[in-house]
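In the order they appear, the protein sequences are chains C and Z.
Per numbering that gives the first Met the number 0, the very first residue in the first sequence carries number 0; after that it's consecutive.
Per numbering that gives the first Met the number 0, the very first residue in the second sequence carries number 0; after that it's consecutive.
Be careful, since some hints might not be right.
As the list claims (entries may be wrong) - Result set (DSSO-like, lysine-lysine): computed pairs, CA atoms no more than 27 Å apart in a straight line:
no.	chain 1	residue 1	chain 2	residue 2
1	C	K44	C	K107
2	C	K360	Z	K37
3	C	K357	Z	K84
4	C	K284	C	K202
5	Z	K84	C	K359
6	C	K301	Z	K37
7	Z	K95	C	K357
Said to hold, decoys possible - To give a feel for the contact side, a few chain Z residues facing chain C, derived at Cβ under 7 Å:
no.	residue
8	G34
9	L39
10	S42
11	W53
12	P98
13	C102
14	A166
15	L168
16	V170
Claimed, not checked - Only part of the chain C face toward chain Z is listed, based on derived beta-carbon distances under 10 Å:
no.	residue
17	H106
18	E108
19	L339
Calculated from the structure, these hints are not laboratory results.
We treat Cβ as the ideally placed atom computed from N, Cα and C, and that holds for glycine.
Spelled out from the first residue to the last, the chains are:
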Amino acid sequence: MNLAEVAQNVGLPGRKNCGACHFYGGGADGVKHGDLDSSLFKPDKKLDVHMAVNGPNFSCTACHTTVNHQIAGRYYSKPAPVVHKLALPKDYGNRISCESCHSAAPHKESKLNDHTDKVACQTCHIPRYARGGVYTKMWWDWSTAGRFDKNGKMIVEKAVNGTIAYHTKKGSMRWEKDVKPEYAWYNGKMGYLSLSDTFDDRKPVSLNWVEGSYNDPKARIFPFKIYRGKQVYDPVRKTLVIPKLFGKKGSGAFWAEFDWAKAVAAGMKETGETYSGKIGFVETKMYWPITHMVAPKEDSLKCDECHSRNGRLASLTGFYLPGRDRSKGLDTIGWIVILLCLAGTIVHAVMRLNGRNKMKKEQLK
Amino acid sequence: MKMRIQLYARFERFWHWLQALLIIILLVTGFEIHGSLKLLGFSQAHQVHLFCGWSLIILSIFAIFWHATTGEWKQYVPTLENLDKIARYYVCDIFKGEPHPHCKTREQKLNPLQRLSYLVLKVFILPLQILSGLWYYYYNQWPVMGLSGSLETAALVHTAAAFMVLAFLIVHTYLTTTGGTLLSYTMAMITGWEEVEEG
Ligand code: HEM
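Please construct the entire structure, taking both the sequences and the accompanying hints into account.
In structure tokens:
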């Protein structure tokens, strides 16, 4: 190998380099993220205004800049930049947030700029994710894995849309594309469940969670893919457990013996963890921030997507959202007063008419 | 004897009808923003509402100036005198076809009940509506302006005022039909001239 030639040809990684792993997270195209899949190798403007091959054609490194070997991005330990400072291409620095280039007041209409303190750019500008034609996995139920047909063969079932609905090795699953995100207050910080953390197993367990609230000045409403499923856990200690997935027959591996009890026993032993010895399945959910696949501005969310009674933000309570909220008491009183006024005028009008008819009759007499 | 007098000056009529138009559009778009109607969609309703809101503010400034300089504001000074007679007329005598107890003149174009209700509209309801609207609009600038409070308070005050405006509009429109003919009061506000009892 000619190392001199290699050294002289070092360059920035291209989309292919990053996408080869990051577009296939979770084992296949689009499984995990929803906003990262193979459609971003050559997207058009409709799919991603930044990466569009007929547009700016940004590579990943245009935004994910690297300073002192730290690639800008979101980590569990390090929040996405909350200080939204400008970092134009000429500047050396962190360029990961939209505001780095666009500023916090990019709209011509001032009322739209009034939103940027509480609403992340992504919320309106990524109306849906998985828009490139690649399905993303929304539901993964491991509890049904391990079924075989009557000939003892593995089962693979497809859904109407052609995606895999059941696989003996993985269980039941559901895939979607063009998905509406779900929304949460998010200040850039995430928490996650460790193996030793206990939880309430009567409701879906959050494997990770996002921090922030309306009252947190650093938090904004942010779009997420919420990846739901069912996983094996310890119903006595109320903790997650680690199953052994692959290995030889006799090792306990689930994909060799298709027995969850054995797989968990083997997995916990190998990792040196303890558990009660009992297993069950619990519903889980996981937050995946949506930040890629920014749509052209004419496709961004229209006001009534959120400013309406049952809009996209219906579940984010604790603050007044015009068009969604009202005081039931005030409205009731208000409409009663209006009805009384209408009724009053109608009654008055009828009485005037009667009075006039009576007078006419008297005149005739 | 009846005679025709000019009750409403040209500016007054212009102001009245433009204000009526703006208030009706503000009510419709406002209640659409509120979620009670679906007509233009939130975005357009908001834009129209704001445009008419600012127009109403500008118009009100001109109207205040006009009232101040012409002395017409005196027409709204409230009085309790004869208020009982007017009240009795509307709940009783009107059905018997009796004449209106108030004699309109150029100097007293409003009856005591009108004086009172228009005064409440002008010094309480509309200012409340406009100020709460501005308060609502400038929500993001509150910290800079040294204000605090919740958006909800601004919105609820604004909504409550809107119900009052709507209630006023209904009763006011109905009462315009109680003149000599159904449209005679309305015509007076259009032409400026009204036939009154010589007194
Ligand atoms: C007769 C006059 C007016 C009426 C009847 C009216 C009525 C309403 C109503 C019913 C709402 C919905 C409130 C809610 O559900 O939260 C609303 C919203 C609003 N109004 Fe008014 N309004 C009037 C004048 C004004 C004026 C003068 C302004 C200030 C320029 C204004 C600014 C606003 C704002 C900022 C909103 C919040 C929604 C948005 O931003 O579009 N309004 N109005």
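Quiz item: So which of the earlier hints does this model not fit?
Solution: Going through the list in order, the structure violates hints 2, 9, 11, 12, 13, 15 and 17 and respects the others.
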